[in-house]
Each structure stands twice: as structure tokens, then as C-alpha cells.
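Chains as they are written, first to last, in this note's numbering: chain A, 1313 to 1480; chain B, 6 to 166.
These are computed hints drawn from the structure, not numbers from a lab. Heads up, the beta-carbon is just placed ideally off N, CA and C, and yes, glycines get one too. A few of these clues could be false.
[What the hints assert, rightly or not] From the structure, some residues in chain B lie toward chain A, with a derived Cβ separation under 7 Å:
| id | residue |
| --- | --- |
| 1 | PRO35 |
| 2 | ILE50 |
| 3 | THR104 |
| 4 | PHE123 |
| 5 | ARG127 |
| 6 | TRP162 |
[What the hints assert, rightly or not] Below, a list of computed lysine to any residue pairs in the SDA-like style, where the Cα atoms sit at most 25 Å apart:
| id | chain 1 | residue 1 | chain 2 | residue 2 |
| --- | --- | --- | --- | --- |
| 7 | B | LYS65 | A | SER1372 |
| 8 | A | LYS1376 | B | MET147 |
| 9 | A | LYS1376 | B | ALA70 |
| 10 | B | LYS65 | A | LEU1319 |
| 11 | B | LYS77 | B | ALA158 |
| 12 | A | LYS1376 | B | ARG127 |
| 13 | B | LYS77 | A | LEU1379 |
| 14 | B | LYS77 | A | ILE1430 |
| 15 | B | LYS77 | B | ALA25 |
| 16 | A | LYS1376 | B | ARG75 |
| 17 | B | LYS77 | A | ILE1367 |
| 18 | A | LYS1376 | A | GLN1428 |
| 19 | B | LYS77 | B | ASN30 |
| 20 | B | LYS77 | A | VAL1381 |
| 21 | B | LYS128 | B | VAL154 |
| 22 | B | LYS65 | A | PRO1370 |
| 23 | B | LYS131 | A | LEU1473 |
| 24 | A | LYS1376 | B | ALA64 |
| 25 | B | LYS128 | B | MET114 |
| 26 | B | LYS65 | A | LEU1417 |
| 27 | B | LYS77 | A | GLN1428 |
| 28 | B | LYS128 | B | THR141 |
| 29 | B | LYS65 | A | SER1375 |
| 30 | B | LYS131 | A | ARG1369 |
| 31 | B | LYS131 | B | VAL113 |
| 32 | B | LYS65 | A | ASN1368 |
| 33 | A | LYS1376 | B | LEU60 |
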Amino acid sequence: MNEILILIYGNPIAQTIREHESLFPWVEALHVLAITLVIGSIALVDLRLIGIRGINRPISNISKELLPVTWIAFLIAAFTGAILFTSNALSYSQNFYFISKIALLALAGINMMCFQFIIGRNLESWNHYQQLPASARIAGAISLTLWISIIVCGRWIGFTLEPVLVAL
Amino acid sequence: MRNSALLDFCYFLESTELNAAIQANFWIVPTMQTLHILAMASVLIGALLINLRILSLHAKSEPIATIITRYKSLVWFPLPILLITGCIMIVGEPARSLTNPAFQIKMVMLLAVLFITFFLQRKWQKDHSYAQTDATSYPLAMLSLGLWVGIVAAGRWIAYA
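Can you make the complete structure from the sequences, with help from the hints?
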């Protein structure tokens, strides 16, 4: 495991980030921007699922128009996140909040899959509903909780990261 | 800007009990930052969708006024939360923020973007026609998106500048 992390730590992008002090904040800024748009767009869908916002619009419309924003922002967040991780791979991989954030992301992914393929596979059939079935409302509430927790963990990483020395 | 009045104000904030309380409780700053980011998520998605509509890149089949009505609360409601959490962070570490060029640039960009947002809303929110954007609104919407990106970047740079 450590060898893999040391290999990741030694990759050219990670080295560039470490050698140029101002790169890290720029990548981090882009990461924050992307993550706010991920959670912002997901929250709008979740609040519709729960039945708090936009109940006069079909969930299928809301989901369709916000999905591109979510995915583009998510790809940027994942890419910038990977760069930030590699720059200090050993420290992050031992940080409780980082590990929690990745675990929560996995749970959010599973929740999304369940919704996509089981609970909400016929979104159009709900077009005339204001309040959606309980399963959809629960899926929305779980998703919102997970994403807020992901933001919480993300912010706490910066306050709890401890340096891990590597001899390269 | 780093004049003596501003520095005096920083020293005054550093002598307050609130400053001492924030310094003594490690969890307050990260919690405020988290709330600040969550509130920004609301502002940014609202601002993005409204500006993309003005740029004809989102919900083209609906009037601009409809999109403004749908999302404007996402932009304005979180502002008090941002103000309160922002002020708590400033009182906690006044010199780190108030005299920081990144913070000062952020505030200038914030004022500019709020002014543009208000102007565009006033201009379009009563126009329920299917009119597309005009020659002044288009660049203002682009500028507005650019300023929001700059505000987020400057916000993160406060920790490093």
C-alpha cells in the first residue's frame, strides 16, 4: 500500500504542485468552485424529491436540466481533487476526514445508482405528482445528508492534516 | 489597503471577547467555513442558472423572467448567512482577513457582482415575453459569472496571501 502511495506521491504533476507554492491554492479554488456547483445542483434535485422546492415542476424536467451541470462540475471536482491528493498522498490517506469523505462519496454513488435504476427508473410516470412516493423522498434526504457531510469532511481535512515524511 | 485606522480596528477586534472565544474553540472556524461554503453553493448555482439563461445556454424555451423568479431566492437568501459566518471568521482572525489583499479584492468583486445581479434582475424580471437577451445583458452576464469565479478563488486565497 505504501509503495503505491509513494509512487503516486512521486508522479510529475504532484511534484510540480509541490515545487510551485501558488499552484495548490489555485487548484484548491477550482476544487471548491466545482464542489459548490455539484452540491448546489444536486440539492435542487434532492429538494424537489423531498418535496420542499419546485413541487409544481416535474422531477424529470428538473433532473434533466441540472444533470449536465452536476456531471461537468463533478468531473472537475474529481480531477482537481485527485491532483490535490497526489501532491500529499501519504498524509491524506491517513487522515480520518479524507477517508470519511471518500467513503461518503461511495455511499452517495450507491444511493444515486439505486435511484437511477430502481426507485426512479420511471421518472416520467411522476410528472403529475406534486409530492413523490416515500422511496423517492427518502432517497433525496439521504443524498442531501451525504453531500452536506462530504462538504463538512472536506473542510475539516484542511484543519487536521498531519505531515507524513517520506524518504524518496 | 493597510492604513493605520484599519490596523487599529484589527487590534480592537483582537481585544474582544468574541475573538478570545473563537481562538479558544478550535471547531468554530472550520464550522463557519463549512456553513460559508454551503451558503455559497446556493448562491453559485442560482447565479449560474440565471446567467446561463441570459446567455441563452439554459432553459431557452422559458422567459428570462421565469428563470429569475425561480432562482433569485437562491442568490439572495444565503447572503445573511454569508455575512454572519464571514464576520465571525473576521473577528476570529482580523489581521489575516481585513488587511489581506485577497480579502479586499474579494469584497470589491462582491460589490460589483451584487450590483450587476440586482441590475439584471430589475431589468428582466417584469419582462414575461420570450425576448432573448440584449447587447448590454449579455456581457454583464458573462462578467457576473467571471466575478463569481473570482470571488471563490479570492476567498480560498485569503488562507495563502
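Quick rundown of the hints versus the structure:
1. Taking 7 Å as the C-beta contact cut-off toward chain A, the hint placing PRO35/B at the interface holds, the least distance being around 5 Å.
2. Because the closest C-beta pair between ILE50/B and chain A is about 3 Å apart, less than 7 Å, the hint holds.
3. Restraint check, THR104/B versus chain A: the minimum CB separation of about 18 Å is more than 7 Å; hint violated.
4. For the restraint placing PHE123/B at the interface with chain A, the shortest Cβ-Cβ distance is roughly 21 Å, beyond the 7 Å limit, so the hint is violated.
5. Because the closest C-beta pair between ARG127/B and chain A is about 24 Å apart, greater than 7 Å, the hint is violated.
6. Checking TRP162/B against chain A by beta carbon gives a least distance of about 5 Å; that is within 7 Å, so the hint holds.
7. With a C-alpha separation of about 17 Å, the suggested pair LYS65/B and SER1372/A falls inside the 25 Å cut-off, and the hint holds.
8. Between the alpha carbons of LYS1376/A and MET147/B the distance comes to roughly 24 Å, so the proposed pair stays at or under 25 Å and holds.
9. With a C-alpha separation of about 21 Å, the suggested pairing of LYS1376/A with ALA70/B holds against the 25 Å cut-off.
10. Only pairs whose Cα atoms come within 25 Å are accepted, and LYS65/B paired with LEU1319/A is rejected, the gap being roughly 48 Å.
11. Of the pairs offered as hints, the one joining LYS77/B and ALA158/B holds, with about 23 Å between alpha carbons and a cut-off of 25 Å not exceeded.
12. Straight-line distance between C-alpha atoms of LYS1376/A and ARG127/B comes to about 29 Å, which puts the hinted pair past the 25 Å bound.
13. Note on LYS77/B and LEU1379/A: the hinted pairing holds, with a Cα-Cα distance of about 20 Å set against a maximum of 25 Å.
14. Only pairs whose Cα atoms come within 25 Å are accepted, and LYS77/B paired with ILE1430/A is rejected, the gap being roughly 34 Å.
15. Taking the CA atoms of LYS77/B and ALA25/B, the gap is about 37 Å. The hint is violated against a cut of 25 Å.
16. A hinted pair counts as satisfied when its Cα atoms are at most 25 Å apart, and LYS1376/A with ARG75/B qualifies at roughly 16 Å.
17. With a C-alpha separation of about 17 Å, the suggested pair LYS77/B and ILE1367/A falls inside the 25 Å cut-off, and the hint holds.
18. Of the pairs offered as hints, the one joining LYS1376/A and GLN1428/A holds, with about 12 Å between alpha carbons and a cut-off of 25 Å not exceeded.
19. A hinted pair counts as satisfied when its Cα atoms are at most 25 Å apart, and LYS77/B with ASN30/B does not qualify at roughly 36 Å.
20. Annotation: proposed proximity of LYS77/B to VAL1381/A holds, straight-line Cα distance about 18 Å (limit 25 Å).
21. At roughly 23 Å between alpha-carbon atoms, LYS128/B and VAL154/B fall within 25 Å of each other, so this suggested pair holds.
22. Distance hint between LYS65/B and PRO1370/A is fulfilled; the C-alpha atoms sit about 17 Å from each other, no more than 25 Å.
23. In summary, the hint linking LYS131/B to LEU1473/A is not supported, as the alpha carbons are separated by about 50 Å, beyond the 25 Å threshold.
24. Note on LYS1376/A and ALA64/B: the hinted pairing holds, with a Cα-Cα distance of about 11 Å set against a maximum of 25 Å.
25. As the CA atoms of LYS128/B and MET114/B are separated by approximately 21 Å, the hinted pair is consistent with the 25 Å bound.
26. For the hint linking LYS65/B to LEU1417/A, the alpha-carbon distance of about 33 Å lies beyond 25 Å, and the restraint is violated.
27. At most 25 Å may separate the alpha-carbon atoms for a hinted pair to count; LYS77/B and GLN1428/A exceed this at roughly 29 Å.
28. For the hint linking LYS128/B to THR141/B, the alpha-carbon distance of about 11 Å falls within 25 Å, and the restraint holds.
29. Between LYS65/B and SER1375/A the alpha-carbon distance is near 16 Å, which keeps this suggested pair within the 25 Å criterion.
30. Restraint check for LYS131/B and ARG1369/A: the C-alpha separation of about 21 Å stays at or below 25 Å, so the hint holds.
31. Annotation: proposed proximity of LYS131/B to VAL113/B is violated, straight-line Cα distance about 29 Å (limit 25 Å).
32. For the hint pairing LYS65/B with ASN1368/A, the CA-to-CA distance comes to about 19 Å; that is within 25 Å, so the pair holds.
33. A C-alpha spacing of about 19 Å is found between LYS1376/A and LEU60/B, which places the hinted pair at or below 25 Å, so the restraint holds.
Hints 3, 4, 5, 10, 12, 14, 15, 19, 23, 26, 27 and 31 from the list above are not met by this structure, while the remaining hints are.
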